[in-house]
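*Asks:* Sequence:
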Amino acid sequence: MLNKDVLSLLGLASRARLISTGDVLLKDIRNNRVYFVMIALDASENTKKKFKDKCSYYHIDYQVIGEVDDLSHAIGRDNRVVVGIKDKGFADKIKSKLGG
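For the sequence shown, counting from 1, position 10 maps to 10 in full-length UniProt numbering; every step adds exactly one.
Please note that a few of the clues may not be correct.
SDA-like mimics (lysine to any residue), calculated; alpha carbons at most 25 Å apart, straight line [stated by the list, open to error]:
1) Lys49 x Lys95
2) Lys93 x Tyr58
3) Lys54 x Lys4
Here are the simulated distance ranges between beta carbons [what the hints assert, rightly or not]:
4) Asp61 x Asn3: 24 to 34 Å
5) Tyr57 x Lys4: 25 to 35 Å
6) Arg15 x Asp69: 15 to 25 Å
7) Asn46 x Gly89: 16 to 26 Å
8) Ala16 x Glu45: 26 to 36 Å
9) Lys88 x Ser8: 15 to 25 Å
10) Tyr57 x Gly22: 13 to 23 Å
11) Gly22 x Ser56: 12 to 22 Å
12) Lys4 x Arg30: 12 to 22 Å
13) Leu12 x Gln63: 12 to 22 Å
14) Val64 x Asp5: 11 to 21 Å
15) Ser56 x Leu98: 16 to 26 Å
If you're looking for bench data, these hints aren't it; they were derived computationally from the structure. Beta carbons: idealized from backbone N, C-alpha and C, even for Gly.
Modelling step: build the complete structure from the supplied sequences, incorporating the hints.
*Replies:* Given below as structure tokens:
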């Protein structure tokens with residue numbers, strides 16, 4: 001379970017349209033438009049590997065944390081396994097709340 005501060009920051013970023021998910025996120029990672037990626041703990045191993053490898057290759061911070069339900073509920077969309085933050089301020093704040 002993610003802490004309340006992180007969930008509310010994710011919600012704010014979502015409402016400000018500063019998040020990216022799914023295939024669009026892969027494209028944003030390739031184009032360096034994302035500052036931080038959150039991958040759900042209960043994502044498939046294939047999905048985790050794909051996003052970890054992409055983030056590592058393009059030098060983007062990521063963390064495997066929370067569950068699909070937590071991430072999905074926080075951003076107000078269903079079944080979101082991976083969420084990317086497209087704003088440096090939000091990314092830094094979320095990382096600090098996560099202790100990273």
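*Asks:* Each hint should be assessed against the structure and marked as holding or not.
*Replies:* Results for each hint:
| no. | hint | verdict |
| --- | --- | --- |
| 1 | Lys49 x Lys95 | holds (21 Å) |
| 2 | Lys93 x Tyr58 | holds (21 Å) |
| 3 | Lys54 x Lys4 | violated (28 Å) |
| 4 | Asp61 x Asn3: 24 to 34 Å | violated (18 Å) |
| 5 | Tyr57 x Lys4: 25 to 35 Å | holds (33 Å) |
| 6 | Arg15 x Asp69: 15 to 25 Å | holds (19 Å) |
| 7 | Asn46 x Gly89: 16 to 26 Å | violated (32 Å) |
| 8 | Ala16 x Glu45: 26 to 36 Å | holds (32 Å) |
| 9 | Lys88 x Ser8: 15 to 25 Å | holds (19 Å) |
| 10 | Tyr57 x Gly22: 13 to 23 Å | holds (19 Å) |
| 11 | Gly22 x Ser56: 12 to 22 Å | holds (19 Å) |
| 12 | Lys4 x Arg30: 12 to 22 Å | violated (32 Å) |
| 13 | Leu12 x Gln63: 12 to 22 Å | holds (18 Å) |
| 14 | Val64 x Asp5: 11 to 21 Å | holds (19 Å) |
| 15 | Ser56 x Leu98: 16 to 26 Å | holds (18 Å) |
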